[in-house]
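*Asks:* Sequence:
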Amino acid sequence: MDRIFLREIEVACVIGVNDWERKIEQIVRIDVELETDLSGACVRDDIRETVDYKAIRDRIVSTVKQARCFLIEALAGRVAEACLSDPRVQAVRVRLEKPGALRMTRTVGVELFRARPEKARGTPEH
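The opening residue of the sequence shown carries number 2 in the working numbering; numbering runs sequentially from there.
Just so you know, the hints here were simulated from the structure itself, not pulled from any lab data. Mixed in with the good hints, there may be bad ones.
To be verified - Listed next, the in silico DSSO-like pairs over lysine-lysine satisfying Cα-Cα at most 27 Å (straight line): (1) 66 with 55; (2) 66 with 24; (3) 99 with 55; (4) 66 with 99; (5) 24 with 99.
Working from the sequences, and respecting the hints, build out all of it.
*Replies:* Take a look at the structure:
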């Protein structure tokens, strides 16, 4: 399966379990890899044959801004769902980081892989 990736999408959002975190926005950094079939776009050089990067980025930003999750795990799951809402995306890998979440640690984060049910039966490609 072919892949499209978006790296280091930075979004300010409400995220965290502490009372003070519910009152401010913090930066999260997101990478996504979208598994899709790019063969038509490669042959026909037509944007209608691929996933619209800007639309995916905008959907991710909107999802993150509205989510107000307590856990980065939950937020990463919502980002994956947002990406899979595009029918051309067969699977997605999401890496979500919360820089500065812990003292003496540059960043903390999670990485998850989600696929449509028919894709999930197979082994995820790395």
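*Asks:* Each hint: holds or not?
*Replies:* Going down the list of hints, with the structure as the test:
no., hint, in the structure
1, 66 with 55, "holds, 16 Å"
2, 66 with 24, "holds, 14 Å"
3, 99 with 55, "holds, 23 Å"
4, 66 with 99, "holds, 14 Å"
5, 24 with 99, "holds, 16 Å"
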